[in-house]
Amino acid sequence: MPGKTAEEMALDQKEISVAEFFEKNRHLLGFDNPAKALITVVKEGVDNALDACEEAGKLPHLKIAIDEKGNNKYNIKFRDNGPGIVKEQMPSIFGKLLYGSKFHSRRQSRGQQGIGISASILYGQLTTGRPALITSRINENNPPKWFKLKIDTMKNEPEILEEKELDDGFEPGTEINIVVEGKYLQRYHSVDEYLKQTAIANPYAHIEYRNPEGEEYDFKRAAHKLPPEPKEIKPHPYGVELGVLVRMLKKTDSNKILSFLQNEFTRVGRTSGEEICRLAEVDPDRKPSSLKHQEQEAILNAMQKVKIQRPPTDCLSPIGSDLIRNGLEKEIDAEFITSTSRDPEVYRGNPFQIEVGIAYGGELMERENEKVKIMRYANKVPLLYQSSSCAITKALEKTDWKRYGLEQPGSTGTPKGPATIFVHLCSTWVPFTSESKESIARYPKIVKEIKLGLQECARDLQRHLSKKQKGKKEKRRKKIFSNYMPLVLENAVELSGQGQELSIDPIMERVIDEELVEKAEVGEEDE
Amino acid sequence: MSDEEISNNLTKIGETIIQKVRNNEVPSIQIPSRTTSNIVYDDRAECYVLGEKMTKRDAGNIRHVKRLAQMLKVASFCKKELMGSERHVTKRELYYISESWGDKLKFKTQDRSDDLVEDIEAIVGRPREDLKINPKAKGSIYGDMTLRFKNPKGETMEVNCLDSADGQSIGPRTCEAEIVECNADKVLAIETDGMYNRLMEENAHEKFNAILVNLGGQATRATRRIIKRINEVKDIPTYIFTDSDPWGLHIAMVIIAGSAKSAHINERLATPDAQWLGVTASDIKNYKLRSDELRDVDLKRINELKEDPRYNDSKRLVDELSMWQEIGKKSEQQALMRYGFEYVVDEYLPAKLKELGAPGF
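Residue numbers (my numbering), protein chains in the order written: chain A, 1 to 527; chain B, 1 to 361.
If we strip away everything but chain B, and leave its shape as in the complex, we get (with noise of 0.2 angstroms):
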């Protein structure tokens, strides 16, 4: 969507107050409920959606005028200052920046101005890096594919994501960048930090054709976003490296079929054919690897993932959750090392590409 159309749906949200005024009732507006009973996995999608329900803000409730007058002050900066401009603000500037607005207007903890981003995300119906708020840069991406976006001064530049030492970083203008080229026919998303840069050093990415992208952890939006945008323009294949635990199996899921909190957002985050690679439960197993015991909090986690409906459909994905289960053991992806610096690259992932069809095996 467009800074116009999104300074549109903006301008919108303040015409229903007007209007209302005008007519002399009390303002309010509508909101997608972001409450958990709210949101439904939509099967279609095949990712986690807000359901229909609608919470009112109303200007005549003593618990809402506060923050009704705050959504529409985020509102007007966000079409004022953000819209058409090469400028991107971090949720935390935002919180900043709202001390410039008054003693009655600021917020008081950053959680509540970041509630009300949602807030107007779920209005717009767009996330928030379209409003130009942005999400923490954590990831990166590296193999080769040209990018073309503008960088912050506004002018137009391309860059290969092999042209960075330690692969390009993965931001609010990455993420949307345009994809000029991408000879790669895959893309190898990788849970930590220490992985992604043993297969730069081992030279997956040629090894492999693949776009290698490090999610440090749980993945953000931008990143998110990217794979998402990779995977639907170039229509290739996504396989997600973690750790063997329900931790990571969870990094993989979230990255495939979204998360909860941003339900509102989900179908254009999500990448459902995205696929776990592992470290699976069986490698442990398999492949002898250095394991620890699964603690009372990992244990809970896996119950709690196999009562979660995004893994309902996967029965590949239960039984691994019922193997950790049974083994009792969890392993890290770098237990891999005990076989050299080359074997993680030489034997364990083109033979688990092989397992999942990957193109090229």
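Pulled out of the complex, with its shape left as it was, chain A reads as follows (with noise of 0.2 angstroms):
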């Protein structure tokens, strides 16, 4: 059989769709699995609305409700009273993969690249067919718009099947329902886990969720402020990649490589921007859309070696060490938490910065020989899977639990006890392993930083519990010598028939009064 011809080959050559992509490695995102998906699905909506209802300064309230219709497809609806999304804009944010206004800000914020929520309703459209029927509503003085849509996977385009404009009766905010393959769990991957962890980091939110089984949750704020405005900004320039620096240097307005560098990145002044130009030998009037391979090259090694001051760091929006207290004591009934947010911190220019919690005893007693649990975060979203290979996990089982009163079997691992154990990482690009942003890829500085963080948390729960032995000492003491003084007494009189006037009561409160120290006690102990 003869060969292709190129011409031939050329023939067979196409542009490959993204929604294609997907549907054929539908794993990247989260969707590996029905019961995974499920939960994807659901943390995709979730996500979005509360970014939605943030930005837009408004205190999220969020409804969720998954419906079981047979042969394993849910219905899931999501209700939001964010801000709404004007008409022209709804088939492209929920029809089209990758768009979104996220991927190229240096901001925190759940989403990044805009891939989420049509992604769900692209795996719901492969996995049962049905479109997305989505309202929204921007405010009282338009009405509600209402659509039903499939994604054209070929074009990545929006397939509008059907739209209209509702009466009146629907509140401003986002309505989205989907149906999709999945599978209802409970326990520790769930959904409803999910979002319990979710309004625990969000205590600012009110989430209702009724799940397939018709159980209603009602996870209600615990705080009535929405915290700061995470503020945007440009890449610092030990985070940037070669990749990001070409395109940077192709669509600046900038005229002179050295404006380039003082305009597009933050943090470079004049001195630090001549300074880069002259490592990377390049001129600093050159026109930045004018460097060659090689020079771009040198300009991004030179700006690795240039000393450039920190980024700034009110871009993150951290938690916040009382919300988390706040968000903690909402959802566990424990009889002591702790927390603490940490000073900001860089890894590869890019800020982050790391907040702990922990809540010990109360109803986690059940739990007390099991392992602790461990609540993972970035960017306020719990993350549940993959945590073996997550910077949170390592830095926890490298922590010395003994120290602090868990116990932790061969000193290293996942410690025992009554606990649960919240680490946030906020960033303005989280390092994930992959893309459906499971895992926190293990960065030294990001690791130590969480470990410095649990070490804080864990002296003050050691605190606490050295003070509640200290306590139980104290009372098994007291009941000790008050039931058995009067007794030696007792028996004393019985034994000699005489002192029956005697009171030991002066000698026993003594007794009991004394500093309790560990003085000699020689003997055997009888209890």
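In short, the hints are calculated from the structure, not lab data.
Think of the CB as a built atom: it goes at the ideal place given N, C-alpha and C, for glycine as much as any other residue.
Among the hints, erroneous ones may be present.
Unchecked claim - Incomplete in silico selection of chain B near chain A, CB under 10 angstroms:
(1) Val21
(2) Asn24
(3) Ile302
(4) Leu305
Stated by the list, open to error - From the structure, some residues in chain A lie toward chain B, with a derived Cβ separation under 8 angstroms:
(5) Met154
(6) Ser254
(7) Ser389
(8) Met485
(9) Ala492
(10) Val493
(11) Ile504
(12) Asp505
As the list claims (entries may be wrong) - The calculated DSS-like cross-link candidates involving lysine-lysine, where the alpha carbons are at most 25 angstroms apart (straight line), are:
(13) A:Lys473 <-> B:Lys108
(14) B:Lys56 <-> A:Lys478
(15) A:Lys148 <-> A:Lys63
(16) A:Lys479 <-> B:Lys56
(17) A:Lys478 <-> B:Lys234
(18) B:Lys354 <-> A:Lys470
(19) B:Lys354 <-> B:Lys285
(20) A:Lys330 <-> A:Lys58
(21) A:Lys479 <-> B:Lys80
(22) B:Lys234 <-> B:Lys150
(23) B:Lys104 <-> B:Lys53
(24) A:Lys479 <-> B:Lys106
(25) A:Lys305 <-> A:Lys330
Combine the two chains into a complex, taking the hints into account.
Structure (structure tokens):
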């Protein structure tokens, strides 16, 4: 059989649409199996809704309902009180992958790539053939707009099946209905757990949820103020990669390399800009788009060598120590809760911040002999999967928990005890290990910060435990003396036939009041 | 010591406590320490006794206060329920009796009550038999000896030890009985039931003019007590007949010099001039007895005994220990049966008794 000619082969080559790519690689986005897919769909819907509400400055109120349709099909309904979407944009936002405002920004947000919600719609479409139903209303002055749409996987374009304006009666906000194939599970890897953890990290959100079993959850607010809106920042030279730099050089409005560096990057001033050019041996007055490949690389290398101030950190939106405590308090009936919000740090030019909380005892006592529960978060989004490869898990396992009063067989690994440990990393760019955003890459700087945060909370826990221990000891001591001192006298009276008039109480009180010191109490413990 | 004296000693324990409370002091009591470090060999008494060390049971110590209360309760129980009565209780009974003292005072396990009884023995300086708390009745005694004691009803009666088919069993009343008459000129204590029975059937008590005592393994305190009393009251020698292994020899040694565990009362139990008759290590060779290999535990025991001060003064016994090591063998008393029923009585024991210079040989 004769080989193909170049012309024939060229006919075979064609552009693959993003949607088509997704269809073949859906595991990359968290849709690898039905149980996980259900959680991923919920997660994308919730992320979007929370981001939108916060951006619009509204206290989020979300309602999520999952109904089983038989045959492993579920209808998921999201309703938010967010800003709504103007009708012109609705088809693109929901019917086109990689359409969004966040990909190029250096600002902390839950979603990053604009894949999420449209990927969920696409997943539903692929597994059930059902279109998505979307209603949105931006304010009282505009009527609600309703769409029934699918995604044209070849063109990565929305395909509107039906659209109409609804009568009044729909409060401003957005409602999405998607039917997907899935599997509803309970316990750790479940939608229920995901939403509970979300509620803890976002205590200013009110989340109502009905699971497929018909059980209703009402995660109420513990705070009534939104955290300050994160500011957008330009990339820091230390965190930029070649591909990004090339694109920036091409797109910039600056006419000269020096002004390009100053305008497009954070913390680059005239001096550091000139220094970069000098080190890269590139004329600062060159036109950015004129740089050859080698020169582009030289600029990148020079940027890493020049000393540049750390990026500003007001672009981060941490939850805050108090809100973490509030969040844990409202969802866990624990005997002790502590939290900390560390100062921002920087990895590879990206600011990040670690927050930790520990809840101990109370209702958690029923898990006394199990491993502690770890709640991992990135930008306020719970991470349920791939915990073993995550920086949070690694830092937790490397911490010496015995020192802080938790059991840790073998002095390494996840400790045991009635505790829930909350760890949040927020960053303008969370280094996930994969596109499904389940696990944080183990940059040493990040691991170290998490460990410091854990230790800070663990010290509080340890103080609590030793106080409790001491109280227990004192109580036990008092009980033993008040049980037996009178019996010593009583039996001595009986034995000797004298001293009936005596009372041992003053001696007993003196003994009990003695400072509880571990004096030489020789002899075997008789308890 | 009479019940009355014991009673007074117990009362003193209570008075010590009351006195401290009167003085507004935290009550406590001194007890002779029964830790191994306080057990010393008394050359004069030729047995283990407690040293000078005392421990304090202190009501102000969280680890002591409960035991102190329990100790006073036990002492008060002994005084009220047992002294001056014909009642005895066993250690096990005492443990169950404590159930009626309420949750605070009852013993969690029997070893706790046993331990307390030993504390009281140490304070009073008398064995628990005197407190009417009994050891197990394990041994028995056979031979022409008349004992007088009170039966459980409180009636005085006399019994000749030949009058029961299997010998008189040695319990709390027997061991403290008055020895009215004893025509034997020696006591022969035997380790195993089998050999005891053999000697009874072969008429050994008559042939050797001996009182036979069945030890049934390691001798109980009651058995040691009566051996000691016959020895003292009638001034006749005691010979101990055991298996040929370090365990058998040590059964003899506990009769001779007392045990570490009863150091606080050994002076009342030990019979320092009793002698070990055999079966010796050399007998295994001389009598060509059927034997077994010594196991590791046996060899370990031999080494322990060689370090034991009770053996220090007896070259004969140390030599026997070395002999076992040398031949690596041990034998049972019953191995003598290879020569027939009568052999032990006709040949073996006479030869051994002669060797030890027993009366009548």
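A quick look at each hint next to the structure:
no. : hint                  : result
1   : Val21                 : holds (5 angstroms)
2   : Asn24                 : holds (7 angstroms)
3   : Ile302                : violated (32 angstroms)
4   : Leu305                : violated (29 angstroms)
5   : Met154                : violated (80 angstroms)
6   : Ser254                : violated (79 angstroms)
7   : Ser389                : violated (50 angstroms)
8   : Met485                : holds (6 angstroms)
9   : Ala492                : holds (4 angstroms)
10  : Val493                : holds (7 angstroms)
11  : Ile504                : holds (6 angstroms)
12  : Asp505                : violated (11 angstroms)
13  : A:Lys473 <-> B:Lys108 : holds (21 angstroms)
14  : B:Lys56 <-> A:Lys478  : holds (21 angstroms)
15  : A:Lys148 <-> A:Lys63  : holds (20 angstroms)
16  : A:Lys479 <-> B:Lys56  : holds (22 angstroms)
17  : A:Lys478 <-> B:Lys234 : violated (58 angstroms)
18  : B:Lys354 <-> A:Lys470 : violated (72 angstroms)
19  : B:Lys354 <-> B:Lys285 : holds (19 angstroms)
20  : A:Lys330 <-> A:Lys58  : holds (21 angstroms)
21  : A:Lys479 <-> B:Lys80  : violated (29 angstroms)
22  : B:Lys234 <-> B:Lys150 : holds (21 angstroms)
23  : B:Lys104 <-> B:Lys53  : violated (30 angstroms)
24  : A:Lys479 <-> B:Lys106 : holds (17 angstroms)
25  : A:Lys305 <-> A:Lys330 : violated (48 angstroms)
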